[in-house]
Amino acid sequence: MAWINLVTLLALVQYFVFGLLVGRARAQFGVHAPAVSGHPTFERYFRVQQNTLELLIMFIPALWIAAQYWDPKIVAAIGAIYLVGRLLYLQGYVRDPKTRSIGFGLSMIPALLLVLAGLVGIVRALI
Amino acid sequence: MAWINLVTLLALVQYFVFGLLVGRARAQFGVHAPAVSGHPTFERYFRVQQNTLELLIMFIPALWIAAQYWDPKIVAAIGAIYLVGRLLYLQGYVRDPKTRSIGFGLSMIPALLLVLAGLVGIVRALI
Amino acid sequence: MAWINLVTLLALVQYFVFGLLVGRARAQFGVHAPAVSGHPTFERYFRVQQNTLELLIMFIPALWIAAQYWDPKIVAAIGAIYLVGRLLYLQGYVRDPKTRSIGFGLSMIPALLLVLAGLVGIVRALI
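Residue numbers (our numbering), protein chains in the order written: chain C, 1 to 127; chain A, 1 to 127; chain R, 1 to 127.
Keep in mind that the hints were calculated from the coordinates and are not lab data. All residues carry an ideal CB built from backbone N, CA and C; glycine is no exception. Watch out, some of these pointers could steer you wrong.
[Stated by the list, open to error] Footprint (simulated), chain A over chain C, 3 or more residues, beta carbon under 8 Å:
(1) 56 to 63
(2) 112 to 119
[Stated by the list, open to error] Only some residues are given here: those of chain C computed to face chain A with a beta carbon under 8 Å:
(3) Arg47
(4) Ile122
(5) Ala125
[Said to hold, decoys possible] Label pairs and their computed distance ranges (CB to CB):
(6) C:Trp70 x R:Thr99: 45 to 51 Å
(7) C:Ile127 x R:Phe29: 51 to 57 Å
(8) C:Ser101 x A:Ala125: 47 to 53 Å
(9) R:Gln28 x A:Leu20: 32 to 38 Å
(10) C:Leu112 x R:Lys73: 37 to 43 Å
(11) R:Ala35 x C:His39: 17 to 23 Å
(12) R:Thr99 x C:Val17: 23 to 29 Å
(13) R:His32 x C:Trp70: 43 to 49 Å
(14) C:Thr99 x A:Val120: 47 to 53 Å
(15) A:Ser37 x R:Phe29: 17 to 23 Å
(16) R:Gln28 x C:Ser101: 38 to 44 Å
(17) C:Thr99 x R:Phe29: 38 to 44 Å
(18) C:Gln28 x R:Ser37: 21 to 27 Å
Work out the full structure: start from the sequences and follow the hints.
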């Protein structure tokens, strides 16, 4: 499970860095806690981190379950696409919220694929 | 663990659908990213998805731990009640935020039960 | 894995209590759902719960992975520091958002340490 664990931890490190960027934007644009709005660029960083949180809760359990039914190296490779997708999502969203679609798709589709892989694996195990 | 994995993935699919409904409400009521407010109905869908995220982080680890100490089929059945409860929560919240209590209870109580089942299981294992 | 499971469930119970405090603040300061702002003290409780959610998604997977490579009792002890740190974070944030740093550090650093421990464990397993 080393590769699955590695992808999981890299996703957490990436998410942590997104959190650091929110903190930096907070200081840079003078948005003081507990406020989470007040400057459009701050809000973009904040939404990137929030959306990544929203996706991680799906990505990690799906990754771990899919790895129980399929070759962990292939499952980890799908997870690696997610990591790249999230990076593109950050870049797109901060540049212009309208261009966030590619990165969004490249991270959402791998997550959904892992859910589907898990479901197919379960059906095959139960019948 | 097939039943536990199945309940987990169904909870993720349900949560993903809640996210789609937020996206649809975004388009329908003209609430453009990164804004997360601006129309009461949009805000209800958004809060349903957020609250489900807030509960999933509790539900999934508790489900997995409880299944280590108790019959996985019974644990999965408690998880199935959560799935129904969340559906009722969505319907109630969108119709009228004041009627969201039944669905909230029917999903929060199973989650808490799983936490409790895990704690009892641990105490029994440690003594 | 009893100690790791125990720390996980205690973190979930703590997070659930933070959610109860948000509900209480909602009633106390008249912030009706789906609103999540309107009174500074409510917003502090809300941000504590949200920030704990944001950290839990990192803490739990990192705790579980680190326990695969290192002595689970030591890993669980690092997790226990997280629990204390979060409590101090709540107290600090509600008293004055500017004093939340100590509790934030005492919960963020253990989470990061677990991520690092997992990464070192993986590298050692792969080479």
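* Unmet hints by their number, sorted upward, for this structure -> none
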